[in-house]
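Visitor: Sequences and hints are given; from them, build the entire structure.
Protein chains: 4
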Amino acid sequence: MRDDAILLLSCPDRPGLVAEISNFIHRNRGNIVALDEHVDAGEDAVFFMRVAWDLRDFLIPRDALAAAVADLVRPFDPLEQQLHFTKDRPRLALFVSKASHCLYDLLARHESGELDVDIPLIVSNHETLRRGAERFGVPFHVFPITPATKATQEREELALLRDHGVDTVVLARYMQVLTDELVAALPATINIHHSFLPAFVGARPYRQAFERGVKVVGATSHYVTAQLDEGPIIAQDVMPVTHRDGVADLVRKGRDLEKTVLARAVWHHVRRRVLTHGRRTVVFD
Amino acid sequence: MRDDAILLLSCPDRPGLVAEISNFIHRNRGNIVALDEHVDAGEDAVFFMRVAWDLRDFLIPRDALAAAVADLVRPFDPLEQQLHFTKDRPRLALFVSKASHCLYDLLARHESGELDVDIPLIVSNHETLRRGAERFGVPFHVFPITPATKATQEREELALLRDHGVDTVVLARYMQVLTDELVAALPATINIHHSFLPAFVGARPYRQAFERGVKVVGATSHYVTAQLDEGPIIAQDVMPVTHRDGVADLVRKGRDLEKTVLARAVWHHVRRRVLTHGRRTVVFD
Amino acid sequence: MRDDAILLLSCPDRPGLVAEISNFIHRNRGNIVALDEHVDAGEDAVFFMRVAWDLRDFLIPRDALAAAVADLVRPFDPLEQQLHFTKDRPRLALFVSKASHCLYDLLARHESGELDVDIPLIVSNHETLRRGAERFGVPFHVFPITPATKATQEREELALLRDHGVDTVVLARYMQVLTDELVAALPATINIHHSFLPAFVGARPYRQAFERGVKVVGATSHYVTAQLDEGPIIAQDVMPVTHRDGVADLVRKGRDLEKTVLARAVWHHVRRRVLTHGRRTVVFD
Amino acid sequence: MRDDAILLLSCPDRPGLVAEISNFIHRNRGNIVALDEHVDAGEDAVFFMRVAWDLRDFLIPRDALAAAVADLVRPFDPLEQQLHFTKDRPRLALFVSKASHCLYDLLARHESGELDVDIPLIVSNHETLRRGAERFGVPFHVFPITPATKATQEREELALLRDHGVDTVVLARYMQVLTDELVAALPATINIHHSFLPAFVGARPYRQAFERGVKVVGATSHYVTAQLDEGPIIAQDVMPVTHRDGVADLVRKGRDLEKTVLARAVWHHVRRRVLTHGRRTVVFD
Numbered sequence: 013m014r015d016d017a018i019l020l021l022s023c024p025d026r027p028g029l030v031a032e033i034s035n036f037i038h039r040n041r042g043n044i045v046a047l048d049e050h051v052d053a054g055e056d057a058v059f060f061m062r063v064a065w066d067l068r069d070f071l072i073p074r075d076a077l078a079a080a081v082a083d084l085v086r087p088f089d090p091l092e093q094q095l096h097f098t099k100d101r102p103r104l105a106l107f108v109s110k111a112s113h114c115l116y117d118l119l120a121r122h123e124s125g126e127l128d129v130d131i132p133l134i135v136s137n138h139e140t141l142r143r144g145a146e147r148f149g150v151p152f153h154v155f156p157i158t159p160a161t162k163a164t165q166e167r168e169e170l171a172l173l174r175d176h177g178v179d180t181v182v183l184a185r186y187m188q189v190l191t192d193e194l195v196a197a198l199p200a201t202i203n204i205h206h207s208f209l210p211a212f213v214g215a216r217p218y219r220q221a222f223e224r225g226v227k228v229v230g231a232t233s234h235y236v237t238a239q240l241d242e243g244p245i246i247a248q249d250v251m252p253v254t255h256r257d258g259v260a261d262l263v264r265k266g267r268d269l270e271k272t273v274l275a276r277a278v279w280h281h282v283r284r285r286v287l288t289h290g291r292r293t294v295v296f297d
Numbered sequence: 013m014r015d016d017a018i019l020l021l022s023c024p025d026r027p028g029l030v031a032e033i034s035n036f037i038h039r040n041r042g043n044i045v046a047l048d049e050h051v052d053a054g055e056d057a058v059f060f061m062r063v064a065w066d067l068r069d070f071l072i073p074r075d076a077l078a079a080a081v082a083d084l085v086r087p088f089d090p091l092e093q094q095l096h097f098t099k100d101r102p103r104l105a106l107f108v109s110k111a112s113h114c115l116y117d118l119l120a121r122h123e124s125g126e127l128d129v130d131i132p133l134i135v136s137n138h139e140t141l142r143r144g145a146e147r148f149g150v151p152f153h154v155f156p157i158t159p160a161t162k163a164t165q166e167r168e169e170l171a172l173l174r175d176h177g178v179d180t181v182v183l184a185r186y187m188q189v190l191t192d193e194l195v196a197a198l199p200a201t202i203n204i205h206h207s208f209l210p211a212f213v214g215a216r217p218y219r220q221a222f223e224r225g226v227k228v229v230g231a232t233s234h235y236v237t238a239q240l241d242e243g244p245i246i247a248q249d250v251m252p253v254t255h256r257d258g259v260a261d262l263v264r265k266g267r268d269l270e271k272t273v274l275a276r277a278v279w280h281h282v283r284r285r286v287l288t289h290g291r292r293t294v295v296f297d
Numbered sequence: 013m014r015d016d017a018i019l020l021l022s023c024p025d026r027p028g029l030v031a032e033i034s035n036f037i038h039r040n041r042g043n044i045v046a047l048d049e050h051v052d053a054g055e056d057a058v059f060f061m062r063v064a065w066d067l068r069d070f071l072i073p074r075d076a077l078a079a080a081v082a083d084l085v086r087p088f089d090p091l092e093q094q095l096h097f098t099k100d101r102p103r104l105a106l107f108v109s110k111a112s113h114c115l116y117d118l119l120a121r122h123e124s125g126e127l128d129v130d131i132p133l134i135v136s137n138h139e140t141l142r143r144g145a146e147r148f149g150v151p152f153h154v155f156p157i158t159p160a161t162k163a164t165q166e167r168e169e170l171a172l173l174r175d176h177g178v179d180t181v182v183l184a185r186y187m188q189v190l191t192d193e194l195v196a197a198l199p200a201t202i203n204i205h206h207s208f209l210p211a212f213v214g215a216r217p218y219r220q221a222f223e224r225g226v227k228v229v230g231a232t233s234h235y236v237t238a239q240l241d242e243g244p245i246i247a248q249d250v251m252p253v254t255h256r257d258g259v260a261d262l263v264r265k266g267r268d269l270e271k272t273v274l275a276r277a278v279w280h281h282v283r284r285r286v287l288t289h290g291r292r293t294v295v296f297d
Numbered sequence: 013m014r015d016d017a018i019l020l021l022s023c024p025d026r027p028g029l030v031a032e033i034s035n036f037i038h039r040n041r042g043n044i045v046a047l048d049e050h051v052d053a054g055e056d057a058v059f060f061m062r063v064a065w066d067l068r069d070f071l072i073p074r075d076a077l078a079a080a081v082a083d084l085v086r087p088f089d090p091l092e093q094q095l096h097f098t099k100d101r102p103r104l105a106l107f108v109s110k111a112s113h114c115l116y117d118l119l120a121r122h123e124s125g126e127l128d129v130d131i132p133l134i135v136s137n138h139e140t141l142r143r144g145a146e147r148f149g150v151p152f153h154v155f156p157i158t159p160a161t162k163a164t165q166e167r168e169e170l171a172l173l174r175d176h177g178v179d180t181v182v183l184a185r186y187m188q189v190l191t192d193e194l195v196a197a198l199p200a201t202i203n204i205h206h207s208f209l210p211a212f213v214g215a216r217p218y219r220q221a222f223e224r225g226v227k228v229v230g231a232t233s234h235y236v237t238a239q240l241d242e243g244p245i246i247a248q249d250v251m252p253v254t255h256r257d258g259v260a261d262l263v264r265k266g267r268d269l270e271k272t273v274l275a276r277a278v279w280h281h282v283r284r285r286v287l288t289h290g291r292r293t294v295v296f297d
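Residue numbers (our numbering), protein chains in the order written: chain R, 13 to 297; chain S, 13 to 297; chain L, 13 to 297; chain F, 13 to 297.
Simulated from the structure, these hints should not be mistaken for laboratory data. All of these numbers come straight from a predicted model, not from anything done at the bench. One thing to keep in mind: the hints can contain errors.
[As the list claims (entries may be wrong)] Below, simulated DMTMM-like cross-link-like pairs (lysine to aspartate or glutamate); rule was C-alpha separation at most 20 Å, straight line:
hint	chain 1	residue 1	chain 2	residue 2
1	R	265	S	52
2	R	265	L	126
3	L	265	R	126
[As the list claims (entries may be wrong)] Selected chain R positions facing chain L (Cβ under 7 Å, derived; list incomplete):
hint	residue
4	112
5	124
6	147
We put the CB at the ideal spot given by N, CA and C, even for glycine.
Guide: See the structure below:
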C-alpha cells in the first residue's frame, strides 16, 4: 500500500505556482508521483492542480502537513484546497430505493478490491433491497419517507452518517429529492441521473427520450447541489439507440450506462482526482 | 446500376400486411432484395415497412406502378407512402453560410461517388464560400437576407429550386432561420444542429455546453419543421470532451461530428431509408 | 407473458421466400409480431430470417408445429433452422474461475428479471466464487482440473449439464481451455475474450495491448468452436485508453467492457436473435 | 499569435525533475502556459514532460534557448528532447495515391485555418488527384513507381522535400510501401492504416474484417518505422458495424474513420504534443 499525500488546489492563475509547489515538495524530500495542472480558459484564469507525492522520506510529519500546506498555499488565495492521504480510506454511504443495478455493481467492485473504500452502511427509503445488501455483509437502514416525516428522517440519516464517519454519499438510484437542509449538511454527495444532462431533466427521462425520438441515450453522474440536476458533472456516457428500442429497451440499456457512469464518477472522486469550479469539474485522469 | 423499386409505407398495424405486400411483389415476378419492417411500440401500434425489389422481370410497367401500389395500400389506410426508383437520382440543393466543413465534406463525397445524387446548385446568404463551391463545379447563388428582403429572397430561392427540380434541401450550416412559409413550401429539408438535441437548443450551443461543464458534446441532424430544432431526428452522434477543452476546442471537435452526422442523415435519406411519425423517425439501416 | 413462436432460418436465397413464410403464418391465423431478414452479400447469396408470431389464435397446435415448419422449409434446403417458443425459458449454466465481475453481473441481471432465463447451476474449476454464487441461491459445483483429470472432469460436467437440461453454456471468464471433445458435446456455448479479436489472441491480452501501445481496448463475445478465439463473434465493444493507463488500468477498465459485452451476447442469444454462417453471425436486433 | 516555447522531454525518472524544469523557466521570467508530465509504468520508470511557456518577458533570447535547454536537461540523460517555437509553422508534405477523402479533409482543414501549418507540396504516384490538389492551390508532383524506378524516384522525392523545408510527411492513403532507405531519411512521417491495428495488418483489411465477422471496425494512425504497420500509434478510433454491412459498406464507413483519425494524429503532432518510447506514444492532450 502506497503512502502518498495528495494535494488538490484551485486558485487564481499567476506565474510560478508549479515551481513553488514542486519546490516545496522537493526540498522536503518528497518524490512527486503524479502532477497534473490545468488553467481554465474562462473569463478569470483559474489554476487547478493535483499533485501526489511519496511520504516515505518526507521531512514534514503527517500531523504537521496540513498546517504546512496551508502556509504554502495561503499567498495563492486558494478557491479550494484539499489534502488527502492514500492511507485514509474513503468512507462511503450508499443510498438506494428499489432498483438494484447500481447497488450490486458498486458492492461487487468493492468486494473485488477495485473500489478501495469502506462502505459502513446502506440507507434506503424502502425494504426492497435489504436482502441484496445484507448478502454482501453491509448493514441496511430503512427510513421510509412521507411528506410529514421527511425532515425528521433526514435528521436521523444525517446522525447515522456522522456516527459512521462517512465522508462521501452515493445516491445509487435513490428516488427521493433531498431537502436543501440535508444537501447543505451532507458531505460530498454523488448522484446518477438517467439521462444525458441537461437533456431530459426531471422524472421519466427515458420516456421523454423515446417521445423525442433521440438516436442516443445517456447517463450523467454529478455532485449534488441545491439545484436539482444542476450540480457539477463528473462523468457522462451515451449509447446509440434506434427506432427498434421502446421505452423498456431504453430503460434496460440505460441501466448499463448508469452503473458504469456512476462507478466511474465514484472512482475518480475517491482517488481524489476531482475539483469543482462553479458548474464545471476538473477531473484529472 | 440496379433498377429497383422502393416502397416506404406506414399504416396502422394489423395482421397480414407483410404477407399481402410480399405476395403482390412475388406474384408480379419481382424479387425482393431488401425488406425491413417495424411496429412502433407507442400507444397506437403503427406498422412501418421498407421493401425494395428488382424490376427486371417485373410484370407491371414502371409508369403503371404508382397506381398499382396505391390500389394495394389503400385498404391499409396508409399514414405515409413513398414509391421511389433507384434509377431516379435524388436532386439536392445545399444551403450554406460561412462555415465550409459540411459543404466540402458533402462535395467531396459527391465527387468520389459515395453520395449518388445530383447537386445542381448551392444557395448561400453570403459570398464567402463561392470559390470553394465553384472549385467543385457547382453553381453558387447568393441571396443576401435582411429582415426587409427575407420574404422576397425566399420566394426567389424557392423558384430556383423548382427550376432545378430539387427534391431535397440540405442546410449545411445555413445560419438563417427559415420562415414558416418557406418551410411549408420546401421539399424534404435536412438540417444539422451543432448540439446533442434536445440539449442546448438555439444559438451558441458549444458555449452553452462549455458553461454547463458537460463531458460529452454532440451533433444532431433532423428534418426541418415549423418548430425550430424540434423536427424528427435522423442521426445523432457524440464525442467525449474534458475540462481541457475550451469553447474553441469544442467548436473544432464539433465540426467533425457535424459533417459526419449530416452526411449520414443525407445518405439514409437519399437511399430512401427514412420514414417519419410525429417527432420520431424510423431509419432502416 | 407472451406466447410466441420464433423461427430462425438460413437457406440459399431465391425469390418468394418471405412471401411463402409469411403466407404460412397468415393463413394459419398467426399474427407476425417481428420479422427481420437479411441476404448476405458474400459469394453465395444466403438468406437469413427471424420471424416471431403470436400463437393465441394459431391453428396449428404447438406439438405439431415443428413438423409443419419442417415441411414448410424443406424445399428451401435450409442451412440452419431453429424453432423456439417464448414460453420455454432458456436454461443456462455459468462457468467461472476466479474473477467475479461477469458472474455477479449476470446473476444481478437474472435476479432483476432483465435476463429471462433459468440458471440451475454454476460450474467452476476453483472454490473462489462459491460464496458469491451461493449468495444468489445458485448451486455451485467445483471440478478441479489437472492435465490428468481433465477428460474425466469434463465428462462429469457434461453429465451434470444434461441432468439439469442446460441448453446454453456461458463461459463467464472461465480460464480453462475446453477439449475438442467437450466443445463437440456441449450445447450452444458463449465465451467472453478480453480483447478486441482478432487482435491479441490468447493469454494476457491487456499486457499485449499495453506493450503495443494501442489507444483503444476491447472485448469480444463469441460462440465457442474447436478453434480457440476463432468462433463466430456475437458482440464486441471498445473503449479509449491513453498513455496514462498502465496494465492494471486496462484490466480494470476492461472488466466493464467484458461484463457488458458478455451480457449483450447472452441477451441476444436467449432472445433467439442470432444465426451463424461460418465465422460470421447475423444478430437481429 | 502566441509566442511560446515548447519543450518535449523524456528521460529516466528521478526526484526533482519537475521542480528543476519549472524553476528554470520561472527564474528566467517565463510564464508556464501548459505543463503535462507522465511517468510510464513499465519496467524502467521513464519520465515524459511537455511544458510550454510564454516568451514575452523571457530573459534568454530565442537563438540562445536551444543551448540553454540542452545544458538544463543534459544531467537528466534525456532519451528524447525537442524544442519548438509556436511561431515556426510546421511544414507538411502530403503523399497520396488515388483515394481523395483524406486529402480533401486535410486540405479543407488547412484552408479553414484549423490546421495551422504550411503545405508546400503534395506527392503522388498517380495523376488521379492532380485536379483536386490544384483546386486548393497546392503544387502536385507525380512520381510513378515501378520496381525498377522506385529507388531513383524516392531519392527525387527526398530531394524535393528538402528543397521545401518539409519537417513532417503525411501518408494520406499513399498505397506504396516505402523502402527502408527512404524511411530512414524522412523527417517525422505519419501514416493512416485502415484497420484497428494490430488486427488486420497488411492489404485489404476491410475484406479481412468482413470475413472474420467483426462487429467493430477501426482505423489507426501511427508514425512510420522500418517495420510496416508496427510504428508507434498516435490515434485510433472505431465504429460499430453489423451483419448488414458488406465489404463496400465497411470501406465507405471506414473512410470517415480514416480521415478523422489521421487528422487527429496530425493535429497532435503539429501541436508538438507527442513523444514516443519504443512502440508506445505519450500524447499530451
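Visitor: Checking against the hints above, which ones are violated?
Guide: When the structure is compared with the hints, none of them turns out to be violated.
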